[in-house]
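Engineer: Protein sequences appear in the order of chains A and B.
Per the UniProt record's numbering, the very first residue in the first sequence carries number 1; after that it's consecutive.
Per the UniProt record's numbering, the very first residue in the second sequence carries number 1; after that it's consecutive.
Treat the hints as calculated values from the structure; they're not laboratory data.
By construction, the Cβ of each residue, glycine as well, lies at the ideal position given by its N, Cα and C atoms.
Heads up, some of the hints might be wrong.
As the list claims (entries may be wrong) - Going by beta-carbon spacing under 7 Å, a handful of chain A positions derived as facing chain B:
| id | residue |
| --- | --- |
| 1 | 191 |
| 2 | 214 |
| 3 | 218 |
| 4 | 222 |
| 5 | 272 |
Unchecked claim - Restraint-style ranges between C-beta atoms, simulated for each label pair:
| id | chain 1 | residue 1 | chain 2 | residue 2 | range |
| --- | --- | --- | --- | --- | --- |
| 6 | B | 258 | A | 244 | 45 to 51 Å |
| 7 | B | 134 | A | 193 | 49 to 55 Å |
| 8 | A | 262 | B | 14 | 51 to 57 Å |
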Amino acid sequence: MTRLLHRAMVYADERAFLDATIPFLHEGLVAGEVVLAVAPASSLDLLRRTLGTGDVEFRDAACWYAQPTRTIAAYSSFIDHNPGRRLRVLAEPGWEGGTPAEISEWTRYESIVNQAFAQVDASVLCLYDARGTAADVLDGALRTHPELLGDSGPHANAAYTDPATVYAEIDGRPLPPVPPDAYAMPVDDIDLRRLRAFIGDHAGRHGISSARLHDLLVATTEVATNAIRHGLPPVTCRTWADNGDVVVDVTDGGHWTPEGLPGFLPPDPFVRAGFGLWGVRMLCPLVQLRTGPGGTDIRLRVRTR
Amino acid sequence: MDSWFAERSVGQMLPGDHAWFSYSSQEEQDYVIGAFLRDGLLTADKVIYVTDADPHELPGLRGSDGFDLDSYLRTGQLAVLPRSETCLTAGVLDPGRMAASFEDALARAERDRFRGVRITADMTWAIRQRSGRLRVLDCEAGVDAAIAPSTTAMAICQVDRRSCTRDELAALKETHEVLVGADPEFDDGVLTITRTFAPRGLRLTGELDGARHTVFAEALHSVTAQGGDIHLNLRDLRFIDLGALNMMAGAAIRMASRGSLILDEPPPDLTEVVQLVGGPMHPWLKIGTGARP
Numbered sequence: 001m002t003r004l005l006h007r008a009m010v011y012a013d014e015r016a017f018l019d020a021t022i023p024f025l026h027e028g029l030v031a032g033e034v035v036l037a038v039a040p041a042s043s044l045d046l047l048r049r050t051l052g053t054g055d056v057e058f059r060d061a062a063c064w065y066a067q068p069t070r071t072i073a074a075y076s077s078f079i080d081h082n083p084g085r086r087l088r089v090l091a092e093p094g095w096e097g098g099t100p101a102e103i104s105e106w107t108r109y110e111s112i113v114n115q116a117f118a119q120v121d122a123s124v125l126c127l128y129d130a131r132g133t134a135a136d137v138l139d140g141a142l143r144t145h146p147e148l149l150g151d152s153g154p155h156a157n158a159a160y161t162d163p164a165t166v167y168a169e170i171d172g173r174p175l176p177p178v179p180p181d182a183y184a185m186p187v188d189d190i191d192l193r194r195l196r197a198f199i200g201d202h203a204g205r206h207g208i209s210s211a212r213l214h215d216l217l218v219a220t221t222e223v224a225t226n227a228i229r230h231g232l233p234p235v236t237c238r239t240w241a242d243n244g245d246v247v248v249d250v251t252d253g254g255h256w257t258p259e260g261l262p263g264f265l266p267p268d269p270f271v272r273a274g275f276g277l278w279g280v281r282m283l284c285p286l287v288q289l290r291t292g293p294g295g296t297d298i299r300l301r302v303r304t305r
Numbered sequence: 001m002d003s004w005f006a007e008r009s010v011g012q013m014l015p016g017d018h019a020w021f022s023y024s025s026q027e028e029q030d031y032v033i034g035a036f037l038r039d040g041l042l043t044a045d046k047v048i049y050v051t052d053a054d055p056h057e058l059p060g061l062r063g064s065d066g067f068d069l070d071s072y073l074r075t076g077q078l079a080v081l082p083r084s085e086t087c088l089t090a091g092v093l094d095p096g097r098m099a100a101s102f103e104d105a106l107a108r109a110e111r112d113r114f115r116g117v118r119i120t121a122d123m124t125w126a127i128r129q130r131s132g133r134l135r136v137l138d139c140e141a142g143v144d145a146a147i148a149p150s151t152t153a154m155a156i157c158q159v160d161r162r163s164c165t166r167d168e169l170a171a172l173k174e175t176h177e178v179l180v181g182a183d184p185e186f187d188d189g190v191l192t193i194t195r196t197f198a199p200r201g202l203r204l205t206g207e208l209d210g211a212r213h214t215v216f217a218e219a220l221h222s223v224t225a226q227g228g229d230i231h232l233n234l235r236d237l238r239f240i241d242l243g244a245l246n247m248m249a250g251a252a253i254r255m256a257s258r259g260s261l262i263l264d265e266p267p268p269d270l271t272e273v274v275q276l277v278g279g280p281m282h283p284w285l286k287i288g289t290g291a292r293p
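Please construct the entire structure, taking both the sequences and the accompanying hints into account.
Structural biologist: Next up, the structure:
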């Protein structure tokens with residue numbers, strides 16, 4: 001039995017936002033729940049002005065929703081810090097749009113919430129501002145919340161789609177082809193210093209900052225190490241710049257069948273299995289994984305600043 | 001660190017080196033002096049230890065298996081010289097006598113056609129004598145005059161830093177051009193792993209990825225097996241992969257009831273990674289400053 005209540009509401013103006021959120025937060029405070037509001041700065045201001053400071057914990061969505069795996073880690077940590085308490089979360093991610101791949105990963109994230117936090121005793125109300133949100137983002141939200149909050153109150157969502165179906169659809173879309181001007185390097189040795197020099201050289205030409213390059217080198221090393229240790233040759237690394245980002249793509253010939261939610265959830269510190277791919281997802285804003293009989297393809301994307 | 005000092009590991013010492021070694025535990029003394037003595041004996045150097053201790057109780061040679069100490073003593077390759085015969089006059093350190101003894105020992109070793117000569121003495125007792133600090137400084141000047149011009153001899157003056165004041169340590173350090181420390185446990189030109197003793201742990205230099213997980217695991221295991229806080233100094237580690245960080249987190253959890261694992265002086269980029277992915281590993285993995293305990 002699922003204990004999580006995961007509801008979405010698409011609002012069109014400030015009045016509708018307040019009519020939905022203020023009673024929602026009040027109800028939690030009266031019931032003695034732990035109440036968290038994550039929203040863009042403008043919404044937080046509005047909530048604080050209307051609600052007073054009270055016992056609500058406020059977090060800025062710009063930081064909290066920086067990239068899906070970090071968001072899951074932030075909620076996991078919030079849950080762990082409030083054991084045995086009922087939680088109430090107002091969540092307005094504030095995503096206005098993005099590339100199709102980014103939007104897909106946020107849709108996946110909303111779907112993962114249903115699966116990963118199913119047994120958490122919590123009411124979550126996700127808000128989407130109809131005025132500035134891309135249609136694809138809204139479409140994703142409508143398929144990943146079991147309930148919707150409308151003018152006449154909450155009701156079951158007929159468009160809700162099972163998480164496994166959502167993941168399969170996203171993972172079934174082929175990655176865009178590698179551009180012809182990408183640089184390629186075969187990887188045949190577990191000693192990956194040459195690979196790091198190769199990535200550093202090419203990423204450096206695109207003006208990547210030292211911190212972002214370091215993230216990329218750690219992530220690339222991890223993915224290439226797994227390809228060498230667990231995949232099959234040939235292992236190839238390609239890199240190119242795209243729209244101001246640096247992309248690294250690692251392919252190998254192995255047929256990997258990932259189980260569960262590979263690398264999306266924080267590892268159990270006492271088991272620590274799955275730490276590597278999770279770390280890669282924490283470091284890179286976008287990680288795409290495609291597997292099949294033809295081989296495994298992992299594509300990483302980092303910003304240059 | 002003052003720039004006119006050379007820092008060398010004990011295995012890199014050169015003829016003419018008159019080196020300074022201050023230890024903070026018997027473990028550290030065993031590790032460094034043991035290497036100095038064993039390397040000398042195995043490469044057919046004459047090895048001279050000035051001490052009143054029993055030859056079987058020398059640092060680093062205590063109870064060492066497979067080492068036939070008695071045969072080295074019998075052949076004279078290892079000489080353990082009591083203080084009364086080398087450096088005391090009326091029970092007090094006599095700098096002139098010590099310098100003369102060293103020169104005599106060098107001449108004899110040359111006559112006996114040893115390839116090289118290694119001399120060491122622990123001077124901690126002498127510093128604690130009346131006006132000991134001045135006498136020891138005098139003595140160091142004499143030893144330096146004997147060793148520095150030599151093309152075959154090297155010497156290590158030892159002091160237990162726990163028995164000395166800061167001023168005494170600084171004054172003694174100034175009379176030596178070479179500071180000697182532990183040999184790396186592993187060094188392949190890419191990654192260097194060196195034991196540290198104050199604080200206890202490992203210093204990692206270079207790059208650490210999957211190609212060197214096995215050697216790192218061994219070093220980490222041996223240093224964490226003894227219990228107590230362990231410090232990994234990462235100041236000169238240019239790269240570490242997630243696998244090695246995961247191994248550190250695992251070690252930190254295993255040793256949690258007996259002490260902490262502290263990552264000292266990680267470069268800023270690495271600090272960011274540790275804070276980002278180390279989140280779920282907290283509070284086991286700690287970041288520290290590398291200060292002496």
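Engineer: None of the hints should be skipped; say for each whether it holds.
Structural biologist: Going down the list of hints, with the structure as the test:
{"no.": "1", "hint": "191", "in the structure": "holds (4 Å)"}
{"no.": "2", "hint": "214", "in the structure": "holds (4 Å)"}
{"no.": "3", "hint": "218", "in the structure": "holds (6 Å)"}
{"no.": "4", "hint": "222", "in the structure": "holds (5 Å)"}
{"no.": "5", "hint": "272", "in the structure": "holds (6 Å)"}
{"no.": "6", "hint": "B:258 x A:244: 45 to 51 Å", "in the structure": "holds (49 Å)"}
{"no.": "7", "hint": "B:134 x A:193: 49 to 55 Å", "in the structure": "holds (52 Å)"}
{"no.": "8", "hint": "A:262 x B:14: 51 to 57 Å", "in the structure": "holds (54 Å)"}
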